[in-house]
Amino acid sequence: MSGNGNGLYSKALLFTLVATITVLIGTFVTMFYPMMRDDMHPKLENLKPFTALQLAGRDIYQREGCMNCHTQTVRPLKGDVLRYGDYSKAGEFYYDRPHLWGSKRTGPDLARIGGKYPDDWHYQHMANPQAFYEKSNMPKYDFLAKKKVNVSQTVAGMKTLGFPFQPNEIEELKNKTEMDAIVAYLQQLGTAVAKKQVILVDEKSVEEKSPIADKVKAVAEGERLYKIECVGCHGKNTEGNIGPAFADSARTDKELFVLIANGSEGAMPGYATQFTREQIWALVDFVNSKKNK
Amino acid sequence: MNDYQYDYQTVKGFIVSCLFWGVVGLLIGLLISAQMWNADFNFGEYWSFGRLRTVHTNVLAYGLGIGAEFGIFYYLVIRLTKRPLVFPKLARFHLWLFNVGILLGAWSLFMGYTQNVEYAEFEWPLDIAVVILWVIFAINVMGTIFKRKENEMYISLWYIIATIVTVAILYIVTNLFIPSTLTKSYHVFAGVNSANVAWWYGHNAVGFLFTTPILAMFYYFLPKSTGLPIYSHRLSIISFWALIFAYLWTGAHHLVYTPLPDWIQTLGIAFTLFLIAPSWGSVVNGYFTVEADWSVMKNKYLTKFFIVGVTFYGLQTIQGPSQGIRVISSLIHYTDWVPGHVHMGTMGWVTMVICGSIYYIIPHIYKTEIYSEKIANIHFWIVLIGQLMFSITMWITGVQQGAMWKMTNPDGSLKYTFIETVLANYPYWQMRTFAGIIFVVGMLFFLYNIYMTIQKGKKEAAAKLATANA
Amino acid sequence: MSNYNEEFDDLSKFERQDTKHNLPMGWLILFVGLIIFGIYYTYMYSPSFTGWTQEKAFEESMKK
Numbered sequence: 000m001s002g003n004g005n006g007l008y009s010k011a012l013l014f015t016l017v018a019t020i021t022v023l024i025g026t027f028v029t030m031f032y033p034m035m036r037d038d039m040h041p042k043l044e045n046l047k048p049f050t051a052l053q054l055a056g057r058d059i060y061q062r063e064g065c066m067n068c069h070t071q072t073v074r075p076l077k078g079d080v081l082r083y084g085d086y087s088k089a090g091e092f093y094y095d096r097p098h099l100w101g102s103k104r105t106g107p108d109l110a111r112i113g114g115k116y117p118d119d120w121h122y123q124h125m126a127n128p129q130a131f132y133e134k135s136n137m138p139k140y141d142f143l144a145k146k147k148v149n150v151s152q153t154v155a156g157m158k159t160l161g162f163p164f165q166p167n168e169i170e171e172l173k174n175k176t177e178m179d180a181i182v183a184y185l186q187q188l189g190t191a192v193a194k195k196q197v198i199l200v201d202e203k204s205v206e207e208k209s210p211i212a213d214k215v216k217a218v219a220e221g222e223r224l225y226k227i228e229c230v231g232c233h234g235k236n237t238e239g240n241i242g243p244a245f246a247d248s249a250r251t252d253k254e255l256f257v258l259i260a261n262g263s264e265g266a267m268p269g270y271a272t273q274f275t276r277e278q279i280w281a282l283v284d285f286v287n288s289k290k291n292k
Numbered sequence: 000m001n002d003y004q005y006d007y008q009t010v011k012g013f014i015v016s017c018l019f020w021g022v023v024g025l026l027i028g029l030l031i032s033a034q035m036w037n038a039d040f041n042f043g044e045y046w047s048f049g050r051l052r053t054v055h056t057n058v059l060a061y062g063l064g065i066g067a068e069f070g071i072f073y074y075l076v077i078r079l080t081k082r083p084l085v086f087p088k089l090a091r092f093h094l095w096l097f098n099v100g101i102l103l104g105a106w107s108l109f110m111g112y113t114q115n116v117e118y119a120e121f122e123w124p125l126d127i128a129v130v131i132l133w134v135i136f137a138i139n140v141m142g143t144i145f146k147r148k149e150n151e152m153y154i155s156l157w158y159i160i161a162t163i164v165t166v167a168i169l170y171i172v173t174n175l176f177i178p179s180t181l182t183k184s185y186h187v188f189a190g191v192n193s194a195n196v197a198w199w200y201g202h203n204a205v206g207f208l209f210t211t212p213i214l215a216m217f218y219y220f221l222p223k224s225t226g227l228p229i230y231s232h233r234l235s236i237i238s239f240w241a242l243i244f245a246y247l248w249t250g251a252h253h254l255v256y257t258p259l260p261d262w263i264q265t266l267g268i269a270f271t272l273f274l275i276a277p278s279w280g281s282v283v284n285g286y287f288t289v290e291a292d293w294s295v296m297k298n299k300y301l302t303k304f305f306i307v308g309v310t311f312y313g314l315q316t317i318q319g320p321s322q323g324i325r326v327i328s329s330l331i332h333y334t335d336w337v338p339g340h341v342h343m344g345t346m347g348w349v350t351m352v353i354c355g356s357i358y359y360i361i362p363h364i365y366k367t368e369i370y371s372e373k374i375a376n377i378h379f380w381i382v383l384i385g386q387l388m389f390s391i392t393m394w395i396t397g398v399q400q401g402a403m404w405k406m407t408n409p410d411g412s413l414k415y416t417f418i419e420t421v422l423a424n425y426p427y428w429q430m431r432t433f434a435g436i437i438f439v440v441g442m443l444f445f446l447y448n449i450y451m452t453i454q455k456g457k458k459e460a461a462a463k464l465a466t467a468n469a
Numbered sequence: 000m001s002n003y004n005e006e007f008d009d010l011s012k013f014e015r016q017d018t019k020h021n022l023p024m025g026w027l028i029l030f031v032g033l034i035i036f037g038i039y040y041t042y043m044y045s046p047s048f049t050g051w052t053q054e055k056a057f058e059e060s061m062k063k
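Chains as they are written, first to last, in numbering that gives the first Met the number 0: chain A, 0 to 292; chain B, 0 to 469; chain C, 0 to 63.
Certain hints may be false.
[Unchecked claim] Computed Cβ-Cβ distance ranges for the label pairs, DEER-style:
1. P46/C to V130/B: 52 to 62 Å
2. K47/A to G25/C: 52 to 62 Å
3. T176/A to L103/B: 28 to 38 Å
4. I384/B to H20/C: 54 to 64 Å
5. F31/A to G25/C: 34 to 44 Å
6. A126/A to M110/B: 18 to 28 Å
7. I24/A to A423/B: 37 to 47 Å
8. L199/A to A423/B: 24 to 34 Å
9. P46/C to W240/B: 26 to 36 Å
10. H20/C to K148/B: 20 to 30 Å
11. I24/A to F145/B: 33 to 43 Å
12. A423/B to P46/C: 55 to 65 Å
13. E368/B to L27/C: 35 to 45 Å
14. H20/C to I24/A: 20 to 30 Å
These are calculated hints, taken from the structure and not from any lab test.
Beta carbons: idealized from backbone N, C-alpha and C, even for Gly.
Working from the sequences, and respecting the hints, build out all of it.
As structure tokens, this is what we get:
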């Protein structure tokens with residue numbers, strides 16, 4: 000027995016009590032107390048509860064463990080905001096039970112994915128990511144298109160969460176696949192906040208004709224970039240898919256530049272935050288090289 | 000012959016079970032590490048990364064980690080309290096329930112039944128089972144401690160008590176989910192609040208499942224395996240209270256630069272940095288203990304498992320807190336740096352100390368000597384190399400990833416597209432798979448050694464019995 | 000106690016008596032230093048003390 004007169008270590012009950020209080024202090028200050036404050040429960044005015052289809056999609060997002068590779072929070076950091084859009088606001092997550100912020104970006108953040116691409120992009124990309132990015136490590140989710148939405152589970156979820164829904168919404172749900180649901184979920188992510196592309200090109204500043212002199216080099220550089228980022232929508236050989244084929248493009252240099260740089264709402268994301276002006280002109284030259292002469 | 004034999008059946012059962020789950024978890028780990036650099040390693044719905052990653056973390060954390068803790072604690076507690084468990088039959092039931100629980104848990108995650116709170120993925124019916132499991136464990140261990148035959152509670156018992164109490168609070172609060180069906184539920188907490196609760200849990204689950212229990216083993220098996228007494232009782236006391244006090248404030252360092260209110264983040268970071276002190280209290284205590292006679296590092300093969308283990312604990316607890324600081328977080332958060340960090344802790348500290356403890360316990364309860372110290376040494380060096388390779392490649396690629404994400408061209412546009420930042424990881428991810436294979440090979444040496452020691456013990460016991468009967 | 004058929008751990012052998020009350024000076028400096036730094040850090044980065052917020056820091060960084 001090495002009893003040293005300090006009673007705490009020979010009184011198990013007292014020790015347990017003191018230890019419990021010790022761990023509860025930090026728990027109270029950083030976890031319970033914030034819960035009682037309003038700034039932990041904010042809600043943006045135009046944030047809407049999930050529709051039945053969106054909730055079904057969210058359940059699938061959870062089931063497939065998407066958050067193991069994708070975060071859903073854009074940090075107020077220059078790099079994040081350039082790449083993904085405006086940083087996340089506390090009021091955007093009012094209906095998220097649980098939060099799906101995630102902890103790892105093996106794939107890109109999805110907090111602002113809603114509306115970035117057209118629906119078709121998601122349908123095709125989910126089914127076969129490698130058609131968009133050849134060496135992408137994202138698994139294929141083509142099986143979602145073959146499975147019907149679990150209607151009874153979704154209805155139970157809507158009721159548990161107290162989200163409003165119409166009977167016809169549930170009727171429609173019966174004909175939806177899981178792919179429809181997850182795309183509906185993804186397409187509303189982050190849409191309660193106005194879209195913000197940090198770098199937008201002012202049309203007036205754009206030359207009428209591609210100013211790059213060395214066309215051969217420009218076309219090669221354009222092709223390199225095209226292969227990294229554009230094949231999914233415009234096809235391996237620019238034959239067109241979700242986006243148009245280049246052969247029949249009637250756009251002028253300037254129009255092409257502005258389209259690539261600033262994007263087109265609901266059809267194509269803008270690349271001004273991703274590519275330099277020279278790179279965008281190189282892409283324009285590459286498009287031109289594929290046009291029917 | 001004897002009035003009473005210490006009941007080591009449960010201890011053995013837990014050790015064998017945890018090793019089994021360890022193998023399962025490690026193999027899944029290898030598969031998902033390959034999925035990271037080649038999507039063709041995803042096989043349909045059930046064998047895809049999104050589901051398997053949680054199977055990997057849960058099976059290793061709960062199957063290997065907690066399984067080992069249950070077994071080792073049942074061994075520790077009866078020896079430190081100088082009495083048998085109060086409810087030995089309940090402990091047998093605990094073992095049985097544990098294995099069924101892990102099996103059902105792994106199966107449910109394959110099926111995609113998940114709450115999506117990291118390390119609290121099990122759906123609500125399993126949560127109830129986990130609570131029952133923990134209560135059984137608590138009743139048995141706390142009951143034995145309360146009815147102990149030794150006046151003083153040794154340091155290891157402090158850490159065990161803190162573990163039991165804190166994990167109970169953490170698990171119950173975080174798993175407050177409202178069920179909608181048998182396999183689906185929604186968090187009571189929403190949005191920012193849900194995130195705050197989840198990481199208060201997430202970080203402290205690490206703290207109270209992989210720090211305090213492992214320290215309990217460390218403080219017991221270091222003196223036992225070296226024959227050297229712990230250097231400073233006072234340092235043990237301060238470290239213990241400072242550690243369990245500070246840990247609960249730190250969850251928000253997982254949420255740096257999220258919409259969580261700034262003051263919670265700041266408090267989280269400040270307390271995280273402070274944690275270096277109590278963590279290093281144990282590290283220093285370990286070093287000073289062995290300083291009395293460094294020759295034990297050479298003479299007693301087990302010493303290095305604990306000293307190298309605690310060294311990785313020390314490194315882990317410097318790296319971890321520095322990751323919390325805003326400027327470093329902004330670079331490495333969400334990158335592969337973090338898995339590198341985690342695996343230094345789990346492979347270098349937790350598994351190392353658990354292996355050392357099992358090496359000590361198994362020969363002891365089978366009343367024999369270790370089958371081969373040489374194999375134990377080979378095991379040690381192989382897992383060490385595997386773990387270092389794993390962590391270092393992940394740190395390199397993590398920093399590279401973080402830098403590529405934010406690098407801009409002179410005109411302010413981003414230098415790299417996202418897919419380019421992903422592809423740049425591939426060589427490192429391939430190296431990580433290789434490192435993982437090395438680690439698993441090392442663990443196979445360990446399993447073989449333990450298996451042979453058990454066989455040896457059984458043979459010797461049979462021989463003894465035969466001579467006694469002759 | 001022999002009826003347990005088990006050698007017991009002698010608690011007094013677990014801890015050194017001669018250095019029982021020692022606290023290494025370097026460690027003590029670390030301990031106190033981290034408390035002081037923690038207070039300083041909490042003060043500097045709490046909106047209610049210095050007005051620092053991550054939004055403001057972000058706006059600053061975008062001006063560069």
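query = Honestly, which of those hints from before does the structure not fit?
reply = 1, 4, 11, 12
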